[in-house]
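Asker: Please work from the sequences and hints to get the whole structure.
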Amino acid sequence: AQTVTQSQPEMSVQEAETVTLSCTYDTSESNYYLFWYKQPPSRQMILVIRQEAYKQQNATENRFSVNFQKAAKSFSLKISDSQLGDTAMYFCAFMGAFQGAQKLVFGQGTRLTINP
Amino acid sequence: ETGVTQTPRHLVMGMTNKKSLKCEQHLGHNAMYWYKQSAKKPLELMFVYNFKEQTENNSVPSRFSPECPNSSHLFLHLHTLQPEDSALYLCASSQEAQAPYEQYFGPGTRLTVT
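Line by line, the protein sequences are chains A and B. Letter by letter, the first sequence follows residues 1 to 116 in the numbering used here. Letter by letter, the second sequence follows residues 1 to 114 in the numbering used here.
Hints may contain errors.
Result set (SDA-like, lysine to any residue): computed pairs, CA atoms no more than 25 Å apart in a straight line [unchecked claim]: (1) B/Lys-40 / B/Met-13; (2) A/Lys-103 / B/Met-13; (3) B/Lys-22 / B/Val-12; (4) B/Lys-40 / A/Thr-3; (5) B/Lys-22 / B/Gln-82; (6) B/Lys-41 / A/Val-48; (7) B/Lys-41 / A/Met-89; (8) A/Lys-103 / B/Arg-63; (9) B/Lys-41 / A/Ser-76; (10) B/Lys-40 / A/Gln-108; (11) A/Lys-103 / B/Val-12; (12) B/Lys-36 / A/Pro-9; (13) B/Lys-41 / A/Asp-81; (14) B/Lys-52 / B/Thr-16; (15) B/Lys-36 / B/Ser-86; (16) B/Lys-40 / A/Ser-7; (17) B/Lys-40 / A/Ser-76.
Pairwise CB distance ranges, derived in the manner of DEER restraints [as the list claims (entries may be wrong)]: (18) A/Gln-83 / B/Met-15: 22 to 32 Å; (19) B/Lys-22 / A/Arg-43: 16 to 26 Å; (20) A/Pro-41 / B/Asn-17: 25 to 35 Å; (21) B/Phe-51 / A/Asn-31: 21 to 31 Å.
In short, the hints are calculated from the structure, not lab data. Given the structure is predicted, the values throughout are model-derived calculations rather than measurements. Every residue, glycine too, gets a C-beta built ideally from N, C-alpha and C.
Answerer: If you want it as structure tokens, here you go:
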């Protein structure tokens, strides 16, 4: 079974700093997808960024980028020039095929606080 | 309304009550999901529906009963729940469940079982 581990329960940085959230996963599959979701306080969870395992190039979305190390099964999220609105729970998630349905497996989450 | 909506947003129920959670998506998707989010635990997938057919039941106790009358609506019927069932229940949808499409989440229903 796939597992996703986020080893940092909480992180806190100053506004405008860069922060990196860690994620490791375990799978025997060769083709899969990785995601970072953001859940702001009392708001809906939204997708931040996704990475296809077959792509060597790291995904980027504006201030958000990932460092995908397939051999190490590591998928970290870097937030540059952090903003107060980045305060949220961040979940790393893995998606692989299982009996035909694409299931998302989530990590425990990292609570990120951006301080003014 | 746009996106994925859930009602009610908060629910308090006794262990002998029967209640239902409702989810509606306005995205034209064909797959819908129920997740349970408990404190200090990862999100747990409960059920998956693809084109109105249940394709996944992740060993969920029978006191949780899903219903998907059409691709836009998903219900979770609750009866004789336990206090440990208190959690945030999230609904999500995607274009379909057989491919790695992005899942769009609703705001959740905060359930408290007393």
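Asker: Sort out which numbered hints this structure fails and list those numbers smallest first.
Answerer: Violated hints (numbers, rising): 2, 11, 13, 14 and 18; every other hint is consistent with the structure.
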